[in-house]
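Novice: Same order as they appear, the protein sequences are chains A and B.
Residue numbering for the first sequence is 1 to 245, as defined by the numbering used here.
Residue numbering for the second sequence is 1 to 390, as defined by the numbering used here.
Calculated directly from the structure, the hints in this document are not laboratory data.
All values reported here derive from a predicted model rather than from experimental measurement.
Glycine included, each C-beta is placed from N, C-alpha and C at the ideal position.
Heads up, some of the hints might be wrong.
[Unchecked claim] Which chain A residues stay away from chain B? Per the calculated CB distances, all over 12 Å, these:
(1) 143
(2) 156
(3) 176
(4) 190
(5) 214
[What the hints assert, rightly or not] Straight-line distance between alpha carbons at most 16 Å, and here's what the computed EDC-like set of lysine to aspartate or glutamate pairs gives:
(6) 182(A) with 278(B)
(7) 182(A) with 25(B)
(8) 34(B) with 180(A)
These are the residues of each chain, in order.
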Amino acid sequence: MKILICISHVPDTTSRIKFTADGKQLDKQGLQFIIGPYDDYALARAVELKEAHGGTVTVLNVGTAETEPTIRKALAIGADNAIRIDAEPTDSWFVARQIAEVAKDQGYDLILMGRESIDFNGGVVHGMVAEMLGLQAFSPVMMLDVVDGKVKMAREIEGGKEYLEATMPLVAGCQEPIAEWKIPNMRGIMTARTKPLEVRAASDETKLTTHVHFELPPPKGAVVMIDPSNPEELIQKLVEEAKVL
Amino acid sequence: MERLKYPDFFKLDDLLTEEQIMVRDAMRNFVAAKIKPYIERWAQNSEFPVHLVREMGQAGAFGPMLPQAYGGSDIDAIAYGLLMQELEAGDSGMRSMASVQGSLVMFPIHAFGSQHQKSTYLPKLASGEMLGCFGLTEPDFGSNPSGMRSRVKDMGNYYLLNGAKMWITNAPVADIAVVWAKDENGRIKGLIVERGMEGFTSPETKNKWSLRASCTGELVFDNVKVPKENVLPGKDGLSAPLACLDKARYGIAWGAIGAAIDCYQSAVRYAGERIQFDKPIASFQLIQKKLAEMLTEITKAQLLCYRLGQLVNEGKASTVHISMAKRNNVEMALNIAREARQIHGAMGITGDFPVMRHMMNLESVITYEGTHDIHLLILGQEITGIPAFK
Ligand SMILES: Cc1cc2nc3c(=O)[nH]c(=O)nc-3n(C[C@H](O)[C@H](O)[C@H](O)COP(=O)(O)OP(=O)(O)OC[C@H]3O[C@@H](n4cnc5c(N)ncnc54)[C@H](O)[C@@H]3O)c2cc1C
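Build the full structure now, drawing on both the sequences and the hints.
Specialist: Spelled out as structure tokens, the structure:
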């Protein structure tokens, strides 16, 4: 089985997010980056599928050179080789174009990624990639197995779960509990550098979206405690300070 | 929150390689997932988590500096130190299990063993399929192992082993024991004794107040026939087991930092949350003094270990360097654990916080692998040229 797994390089979930003074970019100073948590689930499942069925796992990232430690972490976890498209991944359509270009005619059985990245949270790349390649796409996939050449999946839907069966090749946007995150072992870490990491230029520079401006949510106000025997004070505050009544 | 982050006050992370950081983070995640949620229960119940032997093997925590051909991962000494630091932030007992397996069982087999011994035991020890222990200390010979009474007698096609070892980490559950005993000429030899050999038993040492999640026991040898091919052919004399101790003590020097950091972080958090006299106790100068001193001592210990790691990588570290680091860092960790326990007030004596467990664990760590005072004597001899052991 040939699996392509697309990972994003995103700030650690506990990061304190800041923007540059002009409000147009993320201020990366002091941030630690990780494999996108949903992508990490997809990667873990890809490695399990490879262990069960054989084959190869190729990890793909659209990003500048600073993402290579994140890519090598995916190699340490068990991917066999990696491709980095040397470009800023700012636009979903642009990223999807790059992935489709890599995947085109390569015979991947499964193209897996997270249901969404946790930086821009667009959640559309899997759908776009599938469309560009003329494949079917599923998301959010929380269970994925390959039985007798067929893909069995469970998808989270409003108020329940949907069980599906589909043929390969396909594209899936994944989420937990598709697999448990894998922690790389020492051997994996030490062999990551010996695995091929190919850098390619972007195949199509077109970007359809630009970020005009980012804004942080207003800071949370302090909690004000009001004595339960004093509902008048509560009403007064809601009217005058919070202005919600 | 920034102030609750892992302390790296002097930006040592900037000096680490990508692999070293990955090793540390992997172990930190392993400990967070597999040790921290359960360790208080294991320690309270004095329960050794047998299943972790395999899991730690799979994570690559056993003998990771050995070559891949024998199941190791070829990591360097600093990465190894960081691995031990993270493990001991989980629990000194879990770190002890890995120290014994890697430094005291796999290292001597790799360094002094025959080709056959290496290929028979090392891959299984690395993967956690087998657990080993190391028998040097005896009931009457702790700091003075050269006086040991355990004996082997050459019987032609086997050795007859008699004697007893005490305070042996992993003993009750170990599959093999690397045992040190004197031959007829009074020369110390290393032997691999296997579970199931007739006359070999390993009763558990009960009622410990320290390293309660690690299992400790005796090794009793009553006319055990040890095949000759189980003797480590590469080295004999006291310097053979002492070489193993250097390896383990190196890991302990780093490990102690992990225990200290865990106590420090718990203290910083608690001091910020606990309100007395209408303010967080963190706002009192006496508490701040404690925290400031903790961070200072942790930072000094980190710098000491980083440089020691470089010396080990360059083959320039000797017993005395390792002694100084082990002694300094374990005392540092124990002091921090005691201060952190006070910051937690009454809560500090419970298993709701890791502090008292670390504190009690460190009482073993300051005694085993050369007591605190014996390391002074090692340094004293280095300075003066005069051994003051007897
Ligand atoms: C939990 C635990 C696990 C252990 N695991 C192992 C293991 O896996 N394998 C193993 O072989 N051993 C193990 N040990 C044993 C450990 O290495 C010994 O306890 C240690 O070497 C000290 O020996 P002792 O306890 O006999 O103390 P002693 O040697 O009797 O020392 C008692 C006190 O006297 C002091 N002292 C001794 N000699 C001198 C001197 N010349 N000058 C000044 N002061 C001196 C010591 O510093 C100490 O304070 C373990 C111990 C513990 C507690």
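Novice: Against the structure, test the hints numbered earlier, and report the numbers of the ones violated in rising order.
Specialist: 4 and 6
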